[in-house]
Amino acid sequence: MNPFQKHTMARLLNKSQKFVWCGISGFVLSASLLLSCNTSLRNEVDANLINREAGKLVVASFVSPQDTVLAARIGVSNPVLGSVTATNGSNPVTNAVVIITNGSRMVALRHVPNYNNLGLGIYVASARDFPIVAGQTYTITVETPDGKKVNAQCTIPTAPPTPEARFDSAVSENGFSSSNGVRTPFLTKEYGIRLQWTDPVGGRNYYRATAYLRSSRVAQPANSTVVQPITITTTFFENSGLQADAVSSDGGRLISRRGVFHRYSNSGNSFSPPVVTTNPNNTTTTIYCTPTCTTYITGPSGTTTISPPPGTSTNPASLSADINKVQLSSLFQQAELTYSLLHTDESYYRYHDSILRQGESEGNPFAEPVPIPTNINGGLGCFGGYNRSTVVVRIK
Amino acid sequence: MNFRYPLLLAFLLYVHTTFAQNSPRSPKAVATVSGYVREGGSQEALIGVNVYLPGTSTGTTTNTYGFYSLTLPTQDSVRLAYSFVGYDAVLRSLPFQRDQQLNIILKPGKTLTEVTVTSNRIEEKVSDTPQMSQIDIPVSQIKKIPAFLGEKDVLKVLQLMPGVQKGSEGSTGIYVRGGGPDQNLIILDDAIVYNANHLFGFFSVFNGDALKSVELTKGGFPARFGGRLSSVIDLNMKDGNREKLHGEGGIGLIASRLTLEGPLTKNRKGSFLVSGRRTYLDILAAPLVAAASEGDVRAGYYFYDFNAKANYDLGEKDKVYLSGYFGRDRFYVRSKEEGSNNGLFWGNATSTLRWNHLFSQKLFSNLSLIYSKYNFQIFSEERSRSNADDQFSLRYSSGIRDFSLKYDFDYYPSPQHSIRFGVQTIAHRFTPSALVVKNAGDLDFNRKIDNINVQESGLYAEDTWRPSDRWRLNGGLRLSHFVQKDVNYFRPEPRLSVAYKLKPDLSLKGAYSLMNQYVHLLSNTGLGLPTDLWVPTTDRVAPQQSEQIAVGMAKDFNKSGLSLTVEGYYKTMKNIINYREGASFLFLDDPLSAEQVRWEDNVTAGKGWSYGAEILLQKKAGRFSGWAGYTLSWTQWQFPELNGGRAFFPRYDRRHDMSLVGIYELSKRITLSGVWVYGTGNALTVPLASYDAPRHDPGLRQLANNRFVAGLFNGGNGATDYGSQRNTFRAEAYHRFDFGIQFHKQKRRHERTWEISAYNLYNRRNPFYYGIEDVYEKNASGQSRKTRTGLFRYSVFPIVPAFSYNFKF
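Quick mapping for you: the protein sequence lines, in order, are chains A and B. Just so you know, our numbering puts 377 at position 377 of the first sequence, and the rest follows in order with no gaps. Just so you know, our numbering puts 1616 at position 616 of the second sequence, and the rest follows in order with no gaps.
Don't read these hints as lab results, they were simulated from the structure. Small disclaimer: the values here were computed from a predicted structure and weren't measured. Glycine is no exception: its CB is placed at the ideal position from the N, C-alpha and C atoms. Errors might be hidden in some of the hints.
Stated by the list, open to error - So the derived list for chain A, only partly shown, Cβ under 8 Å to chain B, looks like this:
#, residue
1, Leu-41
2, Val-58
3, Gly-103
4, Thr-139
5, Tyr-191
Stated by the list, open to error - Listed next, the stretches of chain B that the computed footprint assigns to chain A, with coverage defined by at least 3 CB atoms under 8 Å from CB atoms of chain A:
#, segment
6, 1576 to 1583
7, 1790 to 1798
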């Protein structure tokens, strides 16, 4: 199943789940209403029963030998109960003392407002003065003027093996339109990538695959008459790159999940928002869906819409025959693919994995709650270590 | 080397010597008396009747078909007593020189006069049997206990016993000694009932009018039972009255029921019973629903049960029984305006064909051919009236179907031994899920996980042995076997129960049992929803296994008819399964990879252990009857992939559980009854805080000035903090009092009973679930605005009065 089908499937399943739940609660509710004129079956309970973890420091910092900066993000948790102001809002901490040590040396991270457009609560230090070394254990301590103090440790994993990339492409039917009994299929051509590598023997290893494609081409944005070169960067594997070796597969060959880095569809549906791309002269252009057949460049972070390559038919019916002829290379003037494999520690892996799972199951009354583990003593969040190996491939 | 194999060897040796000792010696040295014990008036076979020589400990009990066999040394005459709780005892003197058959009729005793104890062994005694951890409740008693909405429910009465706990309010889910509702073997006339719930667990599928006996075993399992870890709930349907046509029925607030039974033929060789029940909330609510939606919506819910049984004596040695159960729940919503039609259906069907054959007076056999099926279906259809092409339909179904063959033998070589052995094989077919979606303009799905066929078998032998007046033993071995494609398990299950009599009415007991469970129930809620899914052991999901040790004492108080049991148990469970954190039943896809996953990927295995103490003081018959039960217990689970691998208390871990049940026959015409229950609150996981959990962003991040920088952090991940330990929040304690009063009157042709009852008489707001919700308040200008978030407790049932009219002819 491709991501689009998956999305539809999830929607349908979600619908049926809701239906079951509505049925059950509807019955229970109507039964209780019928049975009793006394409607005080809902009673407020003392909030102190559960507000214990509020006001904790939330620390996120991920360090590796390859990064040029050491960064941490510091915030505070909210109570789940209480006034609107108490329960809402991100609470960046801007006045903390953040120190990373390796036992013999230490470095202080200082707060930089809006560092890399990330808003408040980001603390940074240059890695030049404090290199991160594989196998070493580091400790982070965070202390705030109001007396909160937390710490955590992580050990940097060994360098991961250099991953190999395997590319594939597939055409699949992705729904259809129906008019007067004539069924017109929507076809999709997808370009996918999987990373593979050999797991080192011994212990459990945790990985994360990551990749991005930078391409440039000439395009005519809808609101402009000027044809100009644009650069598009698509990241993928964003959420699906986490992977751990199984006990049974220790030392074996591991293959990442499939990341879809390009999708070409003849469907006339525009199902995603326009994407901002950047022109060489540092002005930005918003590309909207072009009036005829369109190309979607889809990454989990969004979809880029570009007008069809020259010479392609604008008639969807005839395109369904043409889609096999679409070549990835014909869509770009230049493209460069960067993929890397992160060898992470366990805390890094479990923290990210559970955030995703919690997000997926939120609001599902049937799912078991997903706790997010933390290695921050006295706080929340994660201090994780990783080691990265990167490969850059020029596609065209 | 596993310690079980020497046990197996010892057992085989024992079986060999026992049979060898009892091979026919001199034909004149011993003689056998055998026969059936039946109820006067209806000819209904009675199960568990004591047949014994008064003043001695020599005796036996009738089996499930009312059969007994007693082999004694020949003598001039013997005096045999037949006694059964709630019935007048019968004494017979007979010459005892040769084999003979003796069928006995027991007449129901009068409950209003206390039973006069004529011998020191007139009643069935708990101190007399090696079996421990077993509960049986007379069906007549169940009918007198006040019930929710007046619907008498066998499973809910069992929940009032120590060691047996309910799940959530009003639910029939049963948790026995730390085991889950999936670990109960519920059998109705030999057929497994997979989902015993109606109405999302508020009622069970068993109609008390059609039942003859109910017995729950929670430890010290005899070898004849296997396949579940925690309990066996053995229900037997009535055979039907052989003398004349009788009826019984009732009209209640939500349901009515009717049972008819009578002779099948004029020669009284057979009888039949049919029993039905249906709720009518849907019919009553239909006008309201129609009025509320201006005739557009039809919505409703109902369930029905249908039981039928027939039996016939083919001769002295052969009897056949055919029994069946069929029940359905249906929930539907139809809207003309929206062109939608949605529904949920689920139900069980079972049928059992049995053949009793007497090979000799000492060897009784029963062959059963059993069919059982459970299925669940959701459907949802939408059809736009304006555009015929715009339509959507979804069908989801899951289920299980069994065919099984069971051959059991009861062998009574001497009063010291009663031996049972037999074999059972079940062919299961699982349909884990089949989903068909049709969606015009989008895409169609036809997703079906292949049916899984597995074979589960058991071979067993057990002996209830009385080596001396003081010792009672039940030892046995069950060899269980399971095969699914490449997976093959063969596991011996030793069982042993021992009782030692300190005094005539006081015995110490101990039991050990090992159980394997090859089928698993995936349940997210523990509510008893129809979506709970049965799945087999596979190459990736191992069978569950438990070991249990129980010790206790049993004391009978002859004068008052009271019995007291005190038991302690320790149970370990391996490979129990639970959903992974975040997984739920309908997600067939891994949310992270868009790749299809097997259901095994959604579950995770772990271990659990439970220990506790139980006290039960019970009085089964008499003017005042009932029981008091108390359980003190601890249950913990440990799963490598849950709660960070640390042990935690599962939801239904319950430190204290108490129940008091009393039935008092005030006069011939009035019966009073009351139930009070108390239980520690459920262990729940609740949000403790919320925060923004920054994720690492290892890719590039684009800035407005056309620079790409390392992403560093990906914010905006609103996360919930559930704390470092699962289920640390304890719901408030549960307690309630139910009260009922029955007015009986014998009319010329029938007996009628009016019943008025109240569930939760003092209107306690027991927690059903807790919700975190926003509170809105109106400001000065009358606008509703969110002011804060609060924790709310939801209760389901306040005081619920009920009345019903019951009749019997």
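Results for each hint:
{"no.": "1", "hint": "Leu-41", "verdict": "holds, 5 Å"}
{"no.": "2", "hint": "Val-58", "verdict": "holds, 5 Å"}
{"no.": "3", "hint": "Gly-103", "verdict": "violated, 24 Å"}
{"no.": "4", "hint": "Thr-139", "verdict": "violated, 19 Å"}
{"no.": "5", "hint": "Tyr-191", "verdict": "violated, 15 Å"}
{"no.": "6", "hint": "1576 to 1583", "verdict": "holds (count 6)"}
{"no.": "7", "hint": "1790 to 1798", "verdict": "holds (count 9)"}
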